[in-house]
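Asks: Below, each chain spelled out in residue letters.
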Amino acid sequence: MSTMNTELRGTSLREDDLRTGRALATEWIPKTVYRFDAGIAIGQFLAGLKAGRLLGRKCHACGRIVIPPRMFCELCFRRNDEWVELKSTGRVNTFSVSFVNTDASRRQTPQVPAVIDIDGTQPSMGILHVLGEVGDTLEAVLRNVQIGTPVEAVWKPAEQREGAITDILYFRPMGGR
Amino acid sequence: MREYLTQTAQLRQVPSEWGVYYRYTYGVAGERFFRELRDHGHLVASVCPKCGRRFLPPSLYCEDCFVEMTEYQPVPGVGTVQTFTVLHESLDESPLPEPLVVAFVQFEGVHGGLLGTLRGVRPDQVRIGLPVKLALRTGQPTPSAADIGWVPA
Numbered sequence: 062m063s064t065m066n067t068e069l070r071g072t073s074l075r076e077d078d079l080r081t082g083r084a085l086a087t088e089w090i091p092k093t094v095y096r097f098d099a100g101i102a103i104g105q106f107l108a109g110l111k112a113g114r115l116l117g118r119k120c121h122a123c124g125r126i127v128i129p130p131r132m133f134c135e136l137c138f139r140r141n142d143e144w145v146e147l148k149s150t151g152r153v154n155t156f157s158v159s160f161v162n163t164d165a166s167r168r169q170t171p172q173v174p175a176v177i178d179i180d181g182t183q184p185s186m187g188i189l190h191v192l193g194e195v196g197d198t199l200e201a202v203l204r205n206v207q208i209g210t211p212v213e214a215v216w217k218p219a220e221q222r223e224g225a226i227t228d229i230l231y232f233r234p235m236g237g238r
Numbered sequence: 057m058r059e060y061l062t063q064t065a066q067l068r069q070v071p072s073e074w075g076v077y078y079r080y081t082y083g084v085a086g087e088r089f090f091r092e093l094r095d096h097g098h099l100v101a102s103v104c105p106k107c108g109r110r111f112l113p114p115s116l117y118c119e120d121c122f123v124e125m126t127e128y129q130p131v132p133g134v135g136t137v138q139t140f141t142v143l144h145e146s147l148d149e150s151p152l153p154e155p156l157v158v159a160f161v162q163f164e165g166v167h168g169g170l171l172g173t174l175r176g177v178r179p180d181q182v183r184i185g186l187p188v189k190l191a192l193r194t195g196q197p198t199p200s201a202a203d204i205g206w207v208p209a
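Top to bottom, those sequences are chains A and B.
All residue numbers in the first sequence are consecutive under this note's numbering, ending with 238.
All residue numbers in the second sequence are consecutive under this note's numbering, ending with 209.
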């Protein structure tokens, strides 16, 4: 039977110890800028967004249409075959109601990130985006959004698009359904 | 599968940046080292009570004997350049106004060594084996490795 009560030595530090200089420290903000090459599939996808089109890739062996596109079918283990334009509509696969920004600061009104299964993908396949026009309170969002809610993309004006996923401003529930 | 780039203007790159920030605490031995540097302007090595080896920068445990070191001794003033490099660009790749020599310096009878900027000698005159002494950057609120520099002895 081993004894688990080994006493660990060390010097515990608090924020105040660093601020007052009781413990010395070096601060550093590394400059970590990078650019990644979007590659063939995502490059075309982003070019499509700039043109206001959602592009997927179809594999003729299994029939799947994948979005975001890639040039290889990971199930059939072969290059897939053709570009397919998809409608910029879909259904909410899952969503979250967030009152916290990515830097952990608090939001007054929620952001609603969601995975949207794009219509026409087989089997349904989603992209991560945000929902808009769904309300400013948790209660309102939950009234307007459910898993399965049909949504449509709201695009930036054509002249403002830059070939980024943010060329779609958000997805909103489709009216009258 | 190959991608043939014929219209490079259409190459799509996605630029971004990692938001990284850290604070590095020096630890027990490093704390002692930098306080000696700041308050007394000299380098100290830690001494192993078992084998007597001296470590620079000081560490808390002797890596051979695995015993704790609590004794610190000043390092002799003159060391020798063990290796060096000449920088012409700063970290952000902008050209430096004049080349900067960074030298790794070791001291006789001391295990390890320290990096620091070497001034007072033309870059093309720096040689391995050059005797140098400590030239400390002073007046920093928090001492750091950037304070350590050398001049020819």
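Quick caveat, the hints were computed from the structure, so don't treat them as lab data.
Don't take each hint at face value.
[Unchecked claim] One side only, chain A facing chain B, incomplete, derived with CB under 7 Å:
1) 84
2) 86
3) 89
4) 90
5) 91
6) 94
7) 99
8) 104
9) 107
10) 111
11) 178
12) 180
13) 189
14) 190
[What the hints assert, rightly or not] Reference excerpt, derived from the structure (chain B facing chain A, CB under 8 Å, subset only):
15) 77
16) 80
17) 81
18) 82
19) 134
20) 136
21) 196
22) 198
[To be verified] Here are a few chain A residues that sit away from chain B, every Cβ distance over 12 Å (derived from the structure):
23) 87
24) 88
25) 92
26) 97
27) 144
28) 152
29) 163
30) 182
31) 187
32) 209
33) 231
Beta carbons are placed, not taken as given, at the ideal position from N, Cα and C, and that holds for glycine.
Asks: For which of the previously enumerated hints does the structure constitute a violation, in increasing order of number?
Replies: 10, 11, 12, 13, 14, 19, 20, 21, 23, 24, 25, 26, 29
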